[in-house]
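Protein chains: 2
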Amino acid sequence: MHQDLGSSLDLPATTPEPPYYAVIFTSTRTEGDNGYADMANAMVELARQQPGFLGVESARSESGLGITVSYWNSLESIRAWKENEVHLEAQRRGRAEWYQVYHTRVSKIDYDYRVER
Amino acid sequence: MHQDLGSSLDLPATTPEPPYYAVIFTSTRTEGDNGYADMANAMVELARQQPGFLGVESARSESGLGITVSYWNSLESIRAWKENEVHLEAQRRGRAEWYQVYHTRVSKIDYDYRVER
Chain A
0 MHQDLGSSLD
10 LPATTPEPPY
20 YAVIFTSTRT
30 EGDNGYADMA
40 NAMVELARQQ
50 PGFLGVESAR
60 SESGLGITVS
70 YWNSLESIRA
80 WKENEVHLEA
90 QRRGRAEWYQ
100 VYHTRVSKID
110 YDYRVER
Chain B
0 MHQDLGSSLD
10 LPATTPEPPY
20 YAVIFTSTRT
30 EGDNGYADMA
40 NAMVELARQQ
50 PGFLGVESAR
60 SESGLGITVS
70 YWNSLESIRA
80 WKENEVHLEA
90 QRRGRAEWYQ
100 VYHTRVSKID
110 YDYRVER
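Protein chains in written order, with numbering that gives the first Met the number 0: chain A, 0 to 116; chain B, 0 to 116.
Isolated chain A (complex conformation) (with noise of 0.2 Å):
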């Protein structure tokens, strides 16, 4: 069912005409997994299920480099999501344990175009 919201992350997400709303997030991590690749995959899969909720993409690469977008209908969608419990006990991890450095770059998307083979 969650194939219906925003499809894979391995695909550019699939999102409706703007105006709508992203979340850049992007990070450095500490040594070691210590719990991350479990807490990252359930969080999408919990984002997926929020109001407003539009897709989301990821990727990290070889030098360790990551960055998620993930897409919203409001900011008030962003905020009820920043502030759900399972997701603040995810960020005090990450702050605590998983990043060594991120930056969170909330913004609106005005104009946007898609090309496929």
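Source of the hints: derived by calculation from the structure; they are not laboratory data.
Each hint should be verified, as a subset may be incorrect.
Cut-off 27 Å, straight-line C-alpha distance, at most; resulting in silico cross-link-like pairs (DSS-like, lysine-lysine) [to be verified]:
(1) Lys107/B x Lys81/A
(2) Lys81/A x Lys81/B
(3) Lys81/A x Lys107/A
(4) Lys107/B x Lys81/B
(5) Lys81/B x Lys107/A
On the chain B side, residues computed to face chain A include the following (Cβ under 8 Å) [said to hold, decoys possible]:
(6) Leu10
(7) Ala58
(8) Val114
Built from N, CA and C at the ideal position, the CB exists for glycine as well.
Got chain A; can you put chain B on it based on the hints?
Coordinates of chain B only, in the frame set by chain A:
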């Protein structure tokens, strides 16, 4: 000298106080390199030299999804970069040869925060 502008691709970009603008470019590749890696590197270096460039982040996952986010001080800077002649040729080859699917989103960053150890 370019290291002053957005520093390395291996870290979250250091950007000024919002508001500023982001171009979120998400893609999947066709098979084979076909000159892609050289052009991608050249485009990052060329972007760094453009007026209004603030930083860039790029990652490609093992599954093949690539995310590149470039940051700019104005929509005019984004437009000028899109219309740069060398970049136009790269865009043409991207559509013709390198990308299976791509999605470009132009957004305004209103709010951000960074956490570093």
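Worksheet item: Is Lys81/A within 27 Å of Lys81/B, Cα to Cα?
Response: violated (33 Å)
Query raised in the report: Given the hint that Lys81/A pairs with Lys107/A, does the C-alpha gap stay at or below 27 Å?
Result: Given pair Lys81/A, Lys107/A holds - Cα atoms ~17 Å apart, limit 27 Å.
**Item:** Given hint Lys81/A paired with Lys107/B - CA-CA distance at most 27 Å
**Value:** Given that 27 Å is the threshold and the Cα spacing comes to 20 Å, the pair holds.
Hint validation: Ala58/B versus chain A, beta carbon distance must be below 8 Å. Holds or violated? holds (4 Å)
query = How about Val114/B: closest beta carbon in chain A under 8 Å, or not?
reply = holds (5 Å)
*Is Lys81/B close enough to Lys107/A, meaning Cα to Cα at most 27 Å?*
It holds: about 20 Å lies between the C-alpha atoms, which stays within 27 Å.
| query | Is the Cα-Cα distance between Lys107/B and Lys81/B 27 Å or less? | reply | Roughly 17 Å between the alpha carbons, so the hint for Lys107/B and Lys81/B holds.
Original post:
Minimum Cβ distance from Leu10/B to chain A below 8 Å?
Top reply: Since the shortest Cβ distance to chain A is 6 Å, the answer is holds.
When each numbered hint is compared with the structure, a violation occurs for hint 2 only.
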